[in-house]
Amino acid sequence: MLELEKDPEAKLKEMGLSLPEVPKPVASYIPTLIVSNFLYTSGTLPMENGKVVYTGKMGEKNNVIETGYEASKLATLNSLSAVKNALGSLSKVKRVVKVTGFVNSSAGFTDQSKVINGASDLLVSVFGENGKHVRSALGIAELPLNALVEIEFIYQIG
Amino acid sequence: MLELEKDPEAKLKEMGLSLPEVPKPVASYIPTLIVSNFLYTSGTLPMENGKVVYTGKMGEKNNVIETGYEASKLATLNSLSAVKNALGSLSKVKRVVKVTGFVNSSAGFTDQSKVINGASDLLVSVFGENGKHVRSALGIAELPLNALVEIEFIYQIG
Amino acid sequence: MLELEKDPEAKLKEMGLSLPEVPKPVASYIPTLIVSNFLYTSGTLPMENGKVVYTGKMGEKNNVIETGYEASKLATLNSLSAVKNALGSLSKVKRVVKVTGFVNSSAGFTDQSKVINGASDLLVSVFGENGKHVRSALGIAELPLNALVEIEFIYQIG
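Protein chains in written order, with the numbering used here: chain A, 1 to 158; chain B, 1 to 158; chain C, 1 to 158.
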């Protein structure tokens, strides 16, 4: 396991990024759960101020690759916010383990990888070598609230 | 970790629910697998007496939210039946970790969360605080046997 | 846990199968990652010599069940190649834990299980009883590079 090069929250600030407020849990499920040295997150949407900011499907003309990339980045920031809320500090993340990215895709859209790079690139920027993870990028038929992406994360802690 | 408030099987009985018979494994895969203190389940369909009871897609007029909710509940009962079969007793479940719910969705259906609440609500009714989990709800294009939902579970044991 | 009946790489050779070369990682994600006694893989496509060999959707007339079965087998060989690369030898796999198979599916195709049997059957042929796993088979709307299948694996090691 490699050492963190820098405090991840300092790194976020340096990138001009701030963590969105964690949405209040509205149902029987919770944003994060720790078992052994794993922290699992719920599927995370690209939310800001309690609203999904990026909607519709990739392949529709208003949703270009860059839109999807930004949506993935925002969903990841939401996830990091939930992780910070659970752990107190992002520096307690030892490793990003897995990213599973579901991209709301219209027929014929096959660039899911480029969309989920918005998540992967951010995690590596923030956590350095420890941000490198396994990942799946998938083209899903529909998503809750018509979100453009939904992303799940597994982190290793402690 | 919180203590179980009540025996989960007594709780199921109190709710008037019984566990379906576990379908015999028909292929190279198995219904449950334990590694360390995790119990993983295979994707579970809403089966009764060896048949998928809820079929088709959400958004089709015969499949209203309540139908999807019941389908999720039945898939979860099937999962609990497999878990009981593996552990001997549901009281050996320490925590419900993760629910990944795939909802067979026609174009424009975006209420996957309400459908998967059928799983989440049941787990919290049965396991109390220990039933709270992380979760993803996803709108899938097609499912085996045209099932209305397929749900995977991870439980913490021992 | 059962003992391996035979060296898995010898078994592959006996079956006339060879492991494809591991594709070079092209982004912020990596092919495999080990945490505790789990080895996670990225979503794996049916690649050969750096190209996706099986494309399109099941239900299209050129993609019959046997095509999908072979695509699943090839994706699994790619995964095994990455696992060997990570561990040095496939005999360090203690157990195949989980297979999550996403099958690129056109409307009305519901035989995802038969397609993912290509993965499950191979794993049991190679690892014997230790190859039995939990699994989900899902019909996905679109996949990266228009691949016919994408499959994720979790292995137990050590």
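Hints were generated in silico from the structure; no laboratory data involved. Take the hints with a grain of salt, since some may be wrong.
Copies of one chain are not kept apart here, so a pair can be met inside one copy or by any two copies together.
[Said to hold, decoys possible] Here are the simulated DSSO-like pairs of lysine-lysine, each with C-alpha atoms no more than 27 Å apart in a straight line:
{"#": "1", "residue 1": "92", "residue 2": "61"}
{"#": "2", "residue 1": "13", "residue 2": "114"}
{"#": "3", "residue 1": "92", "residue 2": "24"}
{"#": "4", "residue 1": "61", "residue 2": "24"}
{"#": "5", "residue 1": "84", "residue 2": "61"}
{"#": "6", "residue 1": "11", "residue 2": "114"}
Do the hints match the structure? See the list:
For the homomeric pair residue 92 and residue 61, neither the shortest alpha-carbon distance inside one copy (40 Å) nor that between copies (48 Å) is at most 27 Å. In this homomeric assembly, residue 13 and residue 114 come within 27 Å of each other (Cα to Cα) only inside a single copy, at 25 Å, whereas the closest approach across copies is 36 Å. Taking the shortest alpha-carbon separations for residue 92 and residue 24, only the intra-copy value of 22 Å comes in at or below 27 Å, while the best inter-copy value is 30 Å. For the homomeric pair residue 61 and residue 24, neither the shortest alpha-carbon distance inside one copy (33 Å) nor that between copies (32 Å) is at most 27 Å.
With identical chains, the CA atoms of residue 84 and residue 61 are never at most 27 Å apart, being 35 Å at best within one copy and 42 Å at best between copies. Within a single copy, residue 11 and residue 114 get their C-alpha atoms as close as 23 Å, which meets the 27 Å cut-off; across copies the closest is 37 Å, which misses it.
This entry does not satisfy hints 1, 4 and 5, going by the numbered hints stated previously.
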